[in-house]
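Working from the sequences, and respecting the hints, build out all of it.
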Amino acid sequence: MGTPWIDETKFGDASQAPPAIIQGLRDVTIVKNFIVASAVILTYDTILTFPSEVRFIWRSKWSIGKVLYFLTRYLAFIDTVFALYYWFRRTATDETICRHLFRGDAWLFIIGTYTAEAILSLRTYALWDRSTRVLVCLALLASASFTTQAINLHHFLDTVKFSDSPAPSIMPCDAIVHRTTLYINFALVVFFELVILILTFWKGFNQWRRCRSPIMSTLYRDSIIIFVCLFAVSTTNLLLFLLANINVFYDILALTQRVIHANLSARVVLHLRIAASDEKTARFTTVAFTEPSHGSPSRIRRLFNHHEDSIELANSSLSNSSISSDSST
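Per full-length UniProt numbering, residue 1 is the first one in the sequence shown, and the count goes up by one each step.
Keep in mind the hints are simulated off the structure, nothing from the lab. Treat the hints with caution; some may be incorrect.
As the list claims (entries may be wrong) - Restraint ranges, calculated between C-beta atoms of paired labels, are given here: (1) Lys61 / Ile21: 52 to 60 Å; (2) Ile198 / Thr29: 33 to 41 Å; (3) Thr236 / Ile97: 24 to 32 Å; (4) Gly104 / Val67: 16 to 24 Å; (5) Ile111 / Arg59: 22 to 30 Å; (6) Pro51 / Ile225: 16 to 24 Å; (7) Ala150 / Ile224: 26 to 34 Å; (8) Pro51 / Ile22: 45 to 53 Å; (9) Ile21 / Leu157: 35 to 43 Å; (10) Thr29 / Arg59: 37 to 45 Å; (11) Ile21 / Trp62: 50 to 58 Å.
A quick note: this is a predicted structure, and the numbers were derived from the prediction, not measured. Glycine included, C-beta positions come from ideal geometry on N, C-alpha and C.
In structure tokens, the structure reads:
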């Protein structure tokens with residue numbers, strides 16, 4: 001049976017195309033399905049959270065958390081546009097264009113990933129009571145990891161070559177990718193996420209038992225969900241790069257990993273803003289309806305300050321919605 005989407009000028013008849021070419025193009029369609037799925041997930045999550053984003057992010061004052069939120073959320077769309085254009089252009093693409101798209105997408109992947117990791121690092125720093133030691137360790141680890149990945153990626157991109165595609169309507173850019181040391185980049189992401197996961201669980205369990213306020217519950221709930229998802233997709237990407245057909249599947253989960261990093265790290269900032277707002281409302285409601293006979297003013301103030309510390313702990317690193325101290329009340 002013929003394969004009409006193969007360029008017959010190269011093979012005379014599509015049915016005479018080598019089986020490896022046909023199988024390779026079938027594998028390409030799998031990669032393209034993952035690209036589309038990633039774009040849909042990114043768009044759907046952005047639409048889903050947009051009302052909360054307008055309320056809790058857009059209307060707030062500028063802060064580190066707000067800047068990181070916009071970077072991690074909307075840089076991912078640039079990655080996605082690059083990937084869609086690279087894989088879905090309907091005609092043969094000039095080698096120079098293919099190279100620029102490939103390089104641009106690769107660099108955006110690293111920048112976007114570490115923007116997301118910056119949010120997760122600040123969240124971990126908040127959980128550790130804003131420990132300078134933890135912040136410095138994470139900053140040094142992230143800097144070393146980013147530098148290593150940047151150098152490694154630069155060498156990898158120099159080895160990538162492009163040839164004429166046997167089926168331009170299916171695969172406009174035909175990259176020849178060699179199995180190099182690029183797997184180290186994925187391994188470093190996995191390692192960095194594992195370090196943050198260990199720090200989170202180490203500090204989190206005892207702290208959560210002492211303080212179960214909404215914002216602390218949000219921090220630990222997000223930590224578990226985020227790191228299970230991120231660690232799973234990063235590890236899978238690493239294994240695919242090591243074991244799968246590198247010429248086809250090098251990109252199958254790259255955009256997926258990037259989108260999941262963007263979505264989940266953006267939700268960290270957004271959920272903290274929402275939890276802080278809810279807890280602020282809950283505290284004012286508690287004060288308004290608390291009877292004096294239920295406890296002395298000093299006891300109420302101690303409870304008040306206990307929650308205040310929890311909110312300030314997380315908000316100081318990721319949110320500009322800080323809540324004023326009750327000491328003046």
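Hint by hint, where does the structure go against what was stated? Just the numbers, ascending. 9
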